[in-house]
Amino acid sequence: MLFRSCDHLRGAFENWQYVKPTPFFHYLKVPHIVIDDALDYFADQLVQLKAKLEIHFAVTIADDALRAATARQARVRELLRRAYALRERERPGLTGAQTMALVLLGSTMPAEQFIALLEKELAARENESLPAPRARLLIGGAATDEVELLRELESLGALFVTDSLCYGARAFWSLTAPADGDPLRALAKLYLSNTLCPRMFEDYPSRSAFILAAAERARIDGAVFVHNKFCDVHGIENVLLRKHLEEQGIPVLLLEKEYGAHADRGRLKTRLQAFLERIGRP
Amino acid sequence: MTNLAHQGLFERVANIFSLVDNLGDTLSDAEVEGLLRVLPPESANSISALMAPHLRESSLVFLRTLSTWMREARAMKAAGGKIIMVPFNFPPELITAFDHAAPLTVEVLSTLGVVALEGQGERYWDLAMGLGLPDHACSSNTIELGSMLSGEDFRADGLISAGPGGCDANAKIHEFVSLYMDIPQFVLEKPVDRSPEAVALYRRYYRRLVRQLEEFIGEDLTEEKLRRVNERANRCTELYYELWELHKVRPCPIPNLFSLFVYATRFSMWGTDTGVACMEALVKAARARRAAGAYPAPREKARCLWAYTSIYYDFLGLFNWMENRGITHLADALDLFMPQPVDTTDRETMLDGMADRAWDMPMTRQMGGPSMSAAWIEDVLWAARELDAEAVIYCGHHACKQTWSVVSILRQELLKQAGLPLLILQTDAWNKRMTPIGVVQRQIAEFVDQVVAPQRGGEPTRRRRRRPADSSSASST
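Residue numbers (the working numbering), protein chains in the order written: chain A, 6 to 287; chain B, 8 to 484.
Hints are computed from structural coordinates only; laboratory data are not their basis. Each statement offered as a hint is correct.
Which residues of chain A face chain B? A partial, calculated answer using Cβ under 7 Å: (1) Arg9; (2) Cys11; (3) His13; (4) Lys34; (5) Tyr46; (6) Phe235; (7) Gly240; (8) Ile241; (9) Leu245.
Positions of the beta carbon are idealized from the N, C-alpha and C atoms, including for glycine.
Construct the complete structure from the given sequences, taking the supplied hints into account.
Right under this line is the structure:
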């Protein structure tokens with residue numbers, strides 16, 4: 006299954022389907038603007054997806070089951086916010102790499118198990134504090150699920166105390182429990198209206214406001230925005246974010262990276278080291 | 008005195024094109040020679056290509072069309088009207104329909120800068136890069152938008168973005184300029200879906216855009232205004248298909264550069280009297296050439312369709328270079344906007360028709376489908392069969408991630424379904440820094456000689472011994 010996020014993902018899935026078709030294949034059409042017409046269309050797309058899943062897998066997806074699943078995800082988001090509170094506090098209890106690992110874990114395992122695991126982990130971390138970092142940074146930008154990369158960057162002594170990443174705060178922060186009623190329409194509204202992704206248009210103010218709020222909450226010394234080579238949506242938007250954050254007195258480092266490439270790490274660490282010197286945190 | 012070195016792209020291009028208004032309808036060889044001597048080298052190169060004897064009369068009409076387009080925009084601005092920047096995949100006739108607004112098309116301006124200006128617009132690209140924009144942005148729009156970002160160019164009053172759904176790079180750079188320069192942006196998204204529900208949604212999006220523009224420009228788009236442009240657009244459509252039919256003739260009587268003339272007219276003056284006159288002139292010239300059995304080379308060696316854009320950074324020389332070697336440029340994908348007449352019965356039928364025409368604009372139509380490769384393959388195959396193409400060439404513009412991501416599927420399907428070979432080039436179609444034109448020429452020549460000619464029943468050309476590298480060896484391939 007794929008959904009319309011960016012040109013690259015569409016192309017990747019299309020090639021996959023062309024070379025090695027899968028028994029079930031569905032393309033979820035996601036609007037990139039948020040108006041009532043688009044919401045109606047997206048809600049209808051979810052109805053079509055549900056019907057296709059039910060037919061192909063010979064299952065019934067009941068409204069009650071959808072509501073229960075939605076409630077579990079709401080609990081996951083609540084716990085992740087607690088994790089971010091630990092990370093963002095004066096003496097952080099979690100590193101940026103550890104937090105990313107948690108978010109990734111949550112996206113790959115059943116919610117009930119993740120909730121139990123996360124509750125236990127948070128309880129254990131509540132009273133732990135990491136050493137004061139050289140600098141408190143925000144990391145934002147494109148699809149970045151490279152935990153090892155964050156770990157290496159943080160080895161320079163800075164901590165990513167908050168983020169604006171696809172596999173991070175942007176994936177859950179602004180999603181609040183949907184209102185009662187038709188669960189599919191509620192889901193459509195929840196996800197379409199709260200997508201803090203630069204693929205969405207007419208919504209930049211929400212994205213920059215989200216980042217500025219995180220910056221204030223986490224009391225950052227600077228921000229690092231990354232984008233994977235050839236990612237237009239983040240590569241272009243990051244320049245705008247730099248302008249607006251620097252106007253607010255927040256120093257910004259822009260990094261272009263090769264996705265998942267170990268060979269790139271040394272260069273990125275050098276750039277971050279120079280940035281830390283630049284902002285007076287050598 | 009204005010420092011020309013610090014002028015923006017539009018002002019510089021518009022000034023150069025204003026010279027065209029002083030030229031007669033015909034030019035002798037001596038007059039062309041004189042013109043080439045007074046022009047800067049870059050403009051002279053392009054004018055040299057455009058003033059080839061078999062093209063000259065049509066080129067003059069075409070140049071005058073673009074000159075009129077820019078002059079009218081300047082006049083509109085001077086009169087207090089609004090200049091709306093549109094992307095190439097948005098039909099400009101919607102803006103032309105307003106009495107107090109004029110469209111300027113970003114990619115057309117970039118292309119004019121590349122073919123006519125000293126430095127080929129590189130300074131504007133460099134300026135955009137200097138802001139930190141990624142080098143995988145698209146030069147087709149970033150050159151002109153870089154000029155706007157410099158603050159040295161005129162300031163547009165509004166921007167339309169029709170990129171969402173068709174191209175991330177296009178959509179994001181327009182949004183960037185809007186937010187960076189605080190210029191209002193109006194978004195027309197294409198649902199990546201061809202179902203009736205998606206068509207209906209797109210028509211609603213289009214009407215939303217019309218309402219936004221009416222409010223912004225402060226003018227109602229009446230039925231009469233819409234009919235005025237649509238009647239002319241419909242006439243352009245008739246002429247487009249007349250040219251299309253003439254393209255089918257072997258050898259092709261239509262000069263290669265007409266492919267570009269047609270879509271440049273589509274992206275600028277479609278729906279105006281000037282646009283109609285330009286299309287009429289192209290059809291008239293094509294008819295005359297057909298009657299005379301004219302073809303620029305001794306024989307037509309290969310009939311080629313370009314799968315996406317052409318290449319523009321060599322001052323239009325590649326079009327004529329191919330033609331002189333018997334390689335016909337039948338069309339590129341920017342010609343594949345498949346115009347249909349708009350029903351002018353009333354306002355609603357016209358808005359529906361205009362929305363449908365926007366849906367079919369190049370890139371939007373091909374890349375904005377549920378599958379990027381399916382719609383693209385369908386159009387390229389259809390055009391190739393219609394025009395009796397023997398080969399397809401993909402320019403490989405580096406910023407085109409959507410086409411690059413599925414071009415291997417296109418290549419396999421063209422071979423499988425029609426036995427058509429696809430040549431994949433690698434360039435930046437608007438920036439000469441990436442690939443020497445000699446390399447492009449050599450690849451095309453080898454493709455035609457080694458792949459296309461044998462399919463036609465000819466023998467592959469035997470390789471000549473490589474000569475020591477110099478600039479002439481590449482261009483003489």
